Amino acid sequence: MSNRYVNEPMLDLFIFESMQLIEQMELLIISNEKSSSYASDAINEIFRIMHTIKGSSAMMLYNNISTLAHSIEDLFFVLREDKPQNVDYSELSDLVLEGLDFIKVEIVKIRNGDEADGDASELIKSLRVFHATIKGKDLCAKDQHVAEGAVSHEDYTPEKQQYYISKVRTDTTSLKNTFQATLRFEPDCGMENLRAFGIINELGDLAEEYYHIPEDLDHEDSARIISEQGFTLLLKTERSLEEIHRGLLQTSALKDLQLNQVENCDLFNDLLKERKISLEDSSARVPASCGRDRLANEHEDNEIHVTANQPSIINVSVAKLDQLMDLVGEMVIAEAMVTQNPDLKGLELNNFEKAARQLRKIASELQDTVMSVRMVPLAGTFQKMNRTLRDMCKKLNKEVRLQLIGQETEVDKNIIEHISDPLMHLIRNSIDHGIEMPEEREARGKTRLGTITLEAKNAGGDVLIIIRDDGEGFNKDRILAKAREKGLIRVPEDEITDKEIYNLVFLPGFSTNEAVTEFSGRGVGMDVVVKNIEAVGGTIATDSVSGKGTTITLKIPLTLAIIDGMNIKVGDARYTIPTTAIKESFRPKMTEVIVDPDDNEMMMVRGQCFPILRLHDIYHIQTDVTHFTDGIIIMVEQDNKTLCIFADELIGQQQVVVKALPTYIRDTKKVRGLAGCTLLGDGSISLILDVAGLIGFRQ
Amino acid sequence: MADIVEQDTQDQIEDTQKGKFLTFCMGSEFYGIEIKYVTEIIGLQPITEIPEMPIYIKGIINLRGKIIPVMDVRLRFKKPFREYNDRTCIVVIDIREVSIGLIVDSVSEVISIPDEEIVAPPNMAKEGNKYIKGIGKVGSDVKLLLDSDKLLNETDLENMSDL
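Going line by line, the protein sequences match chains A and D.
Note that our numbering numbers the first sequence so that position 405 is 405, with each residue one more than the last.
Heads up, our numbering is the position in the second sequence plus 1000, with the first residue counted as 1.
Calculated directly from the structure, the hints in this document are not laboratory data.
Among these hints, one or two may not hold up.
Computed beta-carbon distance windows for the label pairs [what the hints assert, rightly or not]:
no., chain 1, residue 1, chain 2, residue 2, range
1, D, Arg-1064, A, Asp-667, 43 to 51 angstroms
2, D, Pro-1046, A, Glu-417, 15 to 23 angstroms
3, A, Ser-372, D, Gly-1139, 56 to 64 angstroms
4, A, Glu-534, D, Pro-1046, 28 to 36 angstroms
5, D, Arg-1082, A, Arg-666, 45 to 53 angstroms
6, D, Arg-1082, A, Asp-543, 52 to 60 angstroms
7, D, Thr-1088, A, Lys-669, 45 to 53 angstroms
Fair warning: this is a prediction, and the values are worked out from it, not measured in the lab.
All C-beta atoms in this analysis are idealised placements derived from N, C-alpha and C, irrespective of residue type, glycine included.
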């Protein structure tokens, strides 16, 4: 069934939109759950999201998703309208999140080209039971049919559904209006039958009974018929002409609409009889299940939704961005070739200079913009952790809060994709192994509520992501014992430092947790983390204080990240030092330089002594500047180690995109102290220095 | 469907490229490299040196935003270094996704050498011909056909140990 309409761009849009909505909703639920009641704004928002998902999935004929979304929508409808007291919000969140998970799984199936065949009936059943309970507490009499629905859910068939609708109708209305509507679409809008189908889906909420010509929208010819003769609808509803008119006008690509009230119902009844027969095999209708007020509200929501959901964001493939960036790079070079053309030398060209300056300005702005497009803040990835945290806490009965710092730190899109999984693993580990049970925490004089801090910051051209918990910390002896047992220790045990012990946990097959839980303990987590981080060229380090907590630091390299760099010159070569690592730069005085008997040069700065590294020396560069007083000293610091780098001169500061050295170079030899390279504005290449690596030279 | 068409054109390209070699000269010898590996020929560019590299890797260049390493083939073959002039070219080749520029004295032409005109290099004890895949005969001339793979990937033990 679902294959029949598969239409690639629409499917992509559906997947993209639904995923976004689901993520948005997850955030909403989690943030609201904390305050243990749902704000009315949030309820409206969730209601709207579910309504959208319901509509779009029904349109794409994913019935399991649409019915589930419908149930959740119903639930939030009750919350919104009746504002019932004593709702168990945590149970509600559980149910809804479970529902979202189901939808997510289905969407992934769809994306992979599989049939979305998951069975949501169990979920829907529990949703209905919940629905019934909150309703029951408030107004038991009014909505018997909800409970009825829950009971009779197992054989929830179209026939039943139809009966149900008409029952509502007889219950709530005495007068009915019959309308005839003829819709014509814009010529060449395409997919007329699909559009018509969309209208019918919306009608499920507006009208109780309807009939349409052409009858069979699945038929190939229907699109042609609709485009030639228009799409005719007959509907029975208790809504006014105006309301129906408004509802139908929302149809996209609508050219004209004729809507008349029909006094004589005979035609309708005749057609309806036919329809009842043909309907047996059509399972794609959206069940319309609630009463009158419900419909009115939903209608309003539709309107808001249409105006508010105009996307201001588009997604672009990263490959295209790469290409764009290369092109801009080329343009910058071409610009330099024109404006600094040797043929122009010695000529007095005032107007040309003016125009060239303008060109240069625009080119550099363009370059900056393109560079920034690829950068994505970590906020999204961090926010996702809230969900992990919540689920874990529920299952393990722990109380933990997540503190997020530096969410706005921007990281290249590629890197974000690589660190999401490791972060999740680490958070899980922290909750499972690190944070103690609330009672235990109290007994130890800690606050009942554990805290996990997730912090991101730029440091020395790297992005540091720090996961800190205030749990019990690593147990050194247990780690050692385990490592000994698994034969993971290669150095004499009395020489091993605390830090080295802690880092043992990152080895494959290491897990001290005796009980394998759902979340951790198989000893695979940590080495997967390491693998993922290493895949983007990062490193991982850990520190821990027994009883106080653990800190795990991920250092993501600058690959592809944009850094602020200071360009320096040594001989003909240019180097870039990440500005964040630079403490100061100055012209040295000979009196400050000390040479020890091994010919190591050192510099006295404000009473402290730092080693000097001559760049031209270590990289064998020809330069005239070998005397300290002719060049410049740049003092850099990383990991609390300081080094004075001696270079010829400073060129200037600029934002650079870090590119990796070509694979061929990296395979030939890993050059110490080089982190990558970058293109300067004039098209020349500058090598980016790795401060930590340089510090290693002098140790 | 599109794939099949693409495959076809791909095959055609392979066919038209088969047996064709780009020849370049170094000193008095002519060398040939299979045309399918060659992406483009560019003039000499400013080269950024990379420290600690073997002597034949001159550094990296910026080829329209793409950074590729360049290798001096003369030095690779342990011939004496010759000053670059305006005949000096960089032949950019692409082998299994790895791009590299080869600095050669000058390029001459693209010629077809049928398989039957190619003979295996004489089996000499000296390791001098390890980068030569075959010797092509064109009229009375002889072209040494390079084994691009080895040129790139054979690690020069001697050079590595220097570092």
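Hint check results:
The beta-carbon spacing between Arg-1064 of chain D and Asp-667 of chain A, approximately 23 angstroms, falls outside the hinted interval of 43 to 51 angstroms. A hinted range of 15 to 23 angstroms for the beta carbons of Pro-1046 of chain D and Glu-417 of chain A is inconsistent with their spacing of about 35 angstroms. Separated by about 59 angstroms at the C-beta atoms, Ser-372 of chain A and Gly-1139 of chain D satisfy the suggested range of 56 to 64 angstroms. Distance hint for Glu-534 of chain A and Pro-1046 of chain D: a CB-CB separation of about 34 angstroms, consistent with the stated range 28 to 36 angstroms.
For Arg-1082 of chain D paired with Arg-666 of chain A, a C-beta distance near 29 angstroms fails the hint of 45 to 53 angstroms. The given range of 52 to 60 angstroms is respected by Arg-1082 of chain D and Asp-543 of chain A, whose C-beta atoms sit roughly 56 angstroms from each other. One distance hint, 45 to 53 angstroms for the beta-carbon pair Thr-1088 of chain D and Lys-669 of chain A, is violated here, with the actual separation near 25 angstroms.
Consistency with the previously given hints fails for numbers 1, 2, 5, 7, ordered from lowest to highest.
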